[in-house]
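Those sequence lines, one after another, are chains A and B. To convert a position in the first sequence, counted from 1, into the working numbering, add 1. To convert a position in the second sequence, counted from 1, into the working numbering, add 195.
No wet-lab data here; the hints were simulated from the structure. Given the structure is predicted, the values throughout are model-derived calculations rather than measurements. There's no promise every hint is true.
[To be verified] Simulated crosslink set (DSSO-like; lysine-lysine; CA at most 27 Å straight-line): (1) A/Lys333 to B/Lys282; (2) A/Lys355 to B/Lys231; (3) B/Lys277 to A/Lys353; (4) A/Lys338 to B/Lys263; (5) A/Lys353 to B/Lys254; (6) B/Lys277 to A/Lys355; (7) B/Lys231 to A/Lys338; (8) A/Lys338 to A/Lys283; (9) A/Lys353 to B/Lys267; (10) A/Lys353 to B/Lys231; (11) A/Lys24 to A/Lys4; (12) B/Lys254 to A/Lys333; (13) B/Lys220 to B/Lys205; (14) B/Lys241 to A/Lys52; (15) B/Lys231 to B/Lys241; (16) A/Lys353 to B/Lys220; (17) A/Lys226 to A/Lys367; (18) B/Lys205 to A/Lys355; (19) B/Lys282 to A/Lys355; (20) B/Lys267 to A/Lys338.
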Amino acid sequence: MSKSPMLDELEKGPWPSFVSEIKKAGKISATARDTIGQVEKSYREKVTHWKHGGVVGVRGYGAGVIGRYSDSPEEFPGVAHFHTVRVNQVSGLVYTSECLTEILDIWDKRGSGMTNLHGSTGDMVLLGTSSEQLEPIFTDIAEKGWDLGGSGSDLRTPSCCIGPARCEFAMIDTLEITRNLTNYYQDELHRPAFPYKFKIKTSGCPNDCVASIARSDLSIIGTWKDDIRIDETEISNYAASGNIDILREIVMMCPTQCMDWDGEKLTIDNSNCVRCMHCINKMPKALRVGVETGATILLGAKAPIVEGAMLSSVIVPFMELNASEEEDDDEKFANLKELIEALWEVWDEDGKNKERIGEFMERMGKGEFTIAVNELCDEVDVAPKVDMIAYPRDNPYIFYDEYYEEVEDE
Amino acid sequence: MALGFELNGKFYETDEDGYLIDISKWNEDVANFLAKEEGIEELTPKHWEIISYLRDYYKEYQIAPMIKLLLKAIMKLMDLKKRDANKMLYDLYPAGPAKQACKIAGLPKPTGCV
Numbered sequence: 002m003s004k005s006p007m008l009d010e011l012e013k014g015p016w017p018s019f020v021s022e023i024k025k026a027g028k029i030s031a032t033a034r035d036t037i038g039q040v041e042k043s044y045r046e047k048v049t050h051w052k053h054g055g056v057v058g059v060r061g062y063g064a065g066v067i068g069r070y071s072d073s074p075e076e077f078p079g080v081a082h083f084h085t086v087r088v089n090q091v092s093g094l095v096y097t098s099e100c101l102t103e104i105l106d107i108w109d110k111r112g113s114g115m116t117n118l119h120g121s122t123g124d125m126v127l128l129g130t131s132s133e134q135l136e137p138i139f140t141d142i143a144e145k146g147w148d149l150g151g152s153g154s155d156l157r158t159p160s161c162c163i164g165p166a167r168c169e170f171a172m173i174d175t176l177e178i179t180r181n182l183t184n185y186y187q188d189e190l191h192r193p194a195f196p197y198k199f200k201i202k203t204s205g206c207p208n209d210c211v212a213s214i215a216r217s218d219l220s221i222i223g224t225w226k227d228d229i230r231i232d233e234t235e236i237s238n239y240a241a242s243g244n245i246d247i248l249r250e251i252v253m254m255c256p257t258q259c260m261d262w263d264g265e266k267l268t269i270d271n272s273n274c275v276r277c278m279h280c281i282n283k284m285p286k287a288l289r290v291g292v293e294t295g296a297t298i299l300l301g302a303k304a305p306i307v308e309g310a311m312l313s314s315v316i317v318p319f320m321e322l323n324a325s326e327e328e329d330d331d332e333k334f335a336n337l338k339e340l341i342e343a344l345w346e347v348w349d350e351d352g353k354n355k356e357r358i359g360e361f362m363e364r365m366g367k368g369e370f371t372i373a374v375n376e377l378c379d380e381v382d383v384a385p386k387v388d389m390i391a392y393p394r395d396n397p398y399i400f401y402d403e404y405y406e407e408v409e410d411e
Numbered sequence: 196m197a198l199g200f201e202l203n204g205k206f207y208e209t210d211e212d213g214y215l216i217d218i219s220k221w222n223e224d225v226a227n228f229l230a231k232e233e234g235i236e237e238l239t240p241k242h243w244e245i246i247s248y249l250r251d252y253y254k255e256y257q258i259a260p261m262i263k264l265l266l267k268a269i270m271k272l273m274d275l276k277k278r279d280a281n282k283m284l285y286d287l288y289p290a291g292p293a294k295q296a297c298k299i300a301g302l303p304k305p306t307g308c309v
């Protein structure tokens with residue numbers, strides 16, 4: 002008679018099941034076995050048995066470990082403590098087997114053998130260890146050159162797409178940017194001091210494979226300034242292949258209708274291209290991104306409480322992000338760092354507790370906010386521009402002349 | 196058997212993270228005891244400045260201050276820039292403001308996605 006009949010149900014069917022994985026870990030780990038027991042109990046009772054909160058960590062850091070305790074430790078001693086250790090991932094998730102084995106061996110020994118490789122933010126998530134093991138785990142991983150990730154109201158571990166390691170579309174070195182920012186902002190990462198969390202995600206092209214426009218406070222998306230490169234011969238090959246209907250699948254799908262196809266020649270009005278990547282994705286042999294590359298910087302995604310989920314808004318349409326070999330790590334991407342620190346300063350000054358920068362920007366008003374940030378920047382220009390206006394005001398009852406007089410009187 | 200510790204003949208109940216269950220029972224001896232438990236041998240005047248700030252804030256607002264407010268207080272009290280204030284805070288309380296300083300100061304355990 003199985004101890005976990007409800008969980009066993011989840012193992013049926015054609016798909017892999019987390020239950021099988023936990024049971025496998027249960028061969029060497031009491032924590033994994035008791036996880037099965039407690040989760041089964043919760044399924045039966047339809048109530049969780051994890052307590053709320055838990056403040057644990059390692060010496061010197063205020064972040065990186067999420068505390069969790071069971072409310073039934075006598076019944077499930079293996080999960081009395083069930084803390085999560087976040088380990089800073091390698092940029093682009095490019096690992097050797099040896100280096101993954103390093104972490105997993107430490108986790109088999111000191112944790113539960115269960116991991117979530119990787120969590121949504123980007124860190125490796127090691128699930129289920131006790132308070133006594135935290136310092137030893139940290140020592141073990143640090144000896145091998147690993148470090149903890151962020152948690153709480155801090156800079157969370159930056160993450161990125163695979164970028165130039167593997168992808169022809171990458172227009173910025175997402176891996177180096179992420180590695181560089183992570184190492185430069187270690188204080189902000191390990192010692193929470195912000196109003197709330199702050200996430201930076203970097204994608205090499207507007208396909209945005211890390212969904213940075215939706216999932217990060219500061220989105221860095223590779224882009225180009227000049228024209229899409231067209232190979233006329235390859236266009237003809239696509240047309241002749243019979244596999245693609247250039248008119249219907251490409252030209253008519255363009256969101257700004259900036260393309261023209263007469264059956265022989267494809268023309269693009271590049272000044273109206275919004276970089277959706279559709280045509281390039283569909284005809285990669287014929288169409289390529291431009292050569293003057295850099296990044297679009299956007300701000301304010303997430304923040305689901307006040308306004309509902311938001312996508313980030315462009316604050317810098319084009320920023321060069323080239324790092325030269327001669328520069329020190331600290332000197333690289335100076336323009337980006339200047340912008341980041343200006344954003345933090347304005348947000349930190351008046352941000353409420355648990356207010357994401359996107360919500361803060363809405364509360365302050367994008368105009369006021371970008372003016373305040375711009376004042377702190379020498380290199381980067383984020384002053385509000387006419388192109389940023391979504392729609393003209395339609396409320397005739399705001400008398401701006403009077404408003405400004407009042408402000409000056411104060 | 197409740198978690199906690201005995202000090203000067205009185206029993207102080209704590210949760211599994213070591214925070215006082217009844218924060219009205221806090222006194223300076225408790226602070227010194229908790230500090231030693233945390234590996235802080237002696238609470239210096241700088242330690243006490245932080246404890247006072249935390250307790251005053253909690254008394255007025257019934258919640259623990261945001262860390263940035265604590266940092267601003269330290270910057271003002273000790274005339275430091277933000278990075279140095281953060282460093283000072285972790286030098287004094289190596290396990291961090293939420294985990295250690297608040298605990299020793301007798302504030303309730305902070306909540307949230309820590």
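Tested hints:
1. A/Lys333 to B/Lys282: With a Cα-Cα distance of about 25 Å, the restraint between lysine 333 of chain A and lysine 282 of chain B holds, given a limit of 27 Å.
2. A/Lys355 to B/Lys231: Cα-Cα ~32 Å, so violated.
3. B/Lys277 to A/Lys353: Holds - the C-alpha atoms of lysine 353 of chain A and lysine 277 of chain B are around 18 Å apart, at most 27 Å.
4. A/Lys338 to B/Lys263: Holds - the C-alpha atoms of lysine 263 of chain B and lysine 338 of chain A are around 21 Å apart, at most 27 Å.
5. A/Lys353 to B/Lys254: holds (20 Å)
6. B/Lys277 to A/Lys355: The hint holds at about 20 Å.
7. B/Lys231 to A/Lys338: Distance of about 41 Å is beyond 27 Å: violated.
8. A/Lys338 to A/Lys283: Measuring from Cα to Cα gives roughly 35 Å; hence the hint is violated.
9. A/Lys353 to B/Lys267: Answer holds: lysine 353 of chain A to lysine 267 of chain B is near 15 Å, not above 27 Å.
10. A/Lys353 to B/Lys231: Given that 27 Å is the threshold and the Cα spacing comes to 34 Å, the pair is violated.
11. A/Lys24 to A/Lys4: Given that 27 Å is the threshold and the Cα spacing comes to 12 Å, the pair holds.
12. B/Lys254 to A/Lys333: violated (46 Å)
13. B/Lys220 to B/Lys205: holds (10 Å)
14. B/Lys241 to A/Lys52: violated (34 Å)
15. B/Lys231 to B/Lys241: holds (16 Å)
16. A/Lys353 to B/Lys220: violated (31 Å)
17. A/Lys226 to A/Lys367: With a Cα-Cα distance of about 25 Å, the restraint between lysine 226 of chain A and lysine 367 of chain A holds, given a limit of 27 Å.
18. B/Lys205 to A/Lys355: Distance of about 38 Å is beyond 27 Å: violated.
19. B/Lys282 to A/Lys355: Cα-Cα ~23 Å, so holds.
20. B/Lys267 to A/Lys338: holds (23 Å)
When the structure is compared with the earlier hints, violations turn up for hints 2, 7, 8, 10, 12, 14, 16 and 18 and for no others.
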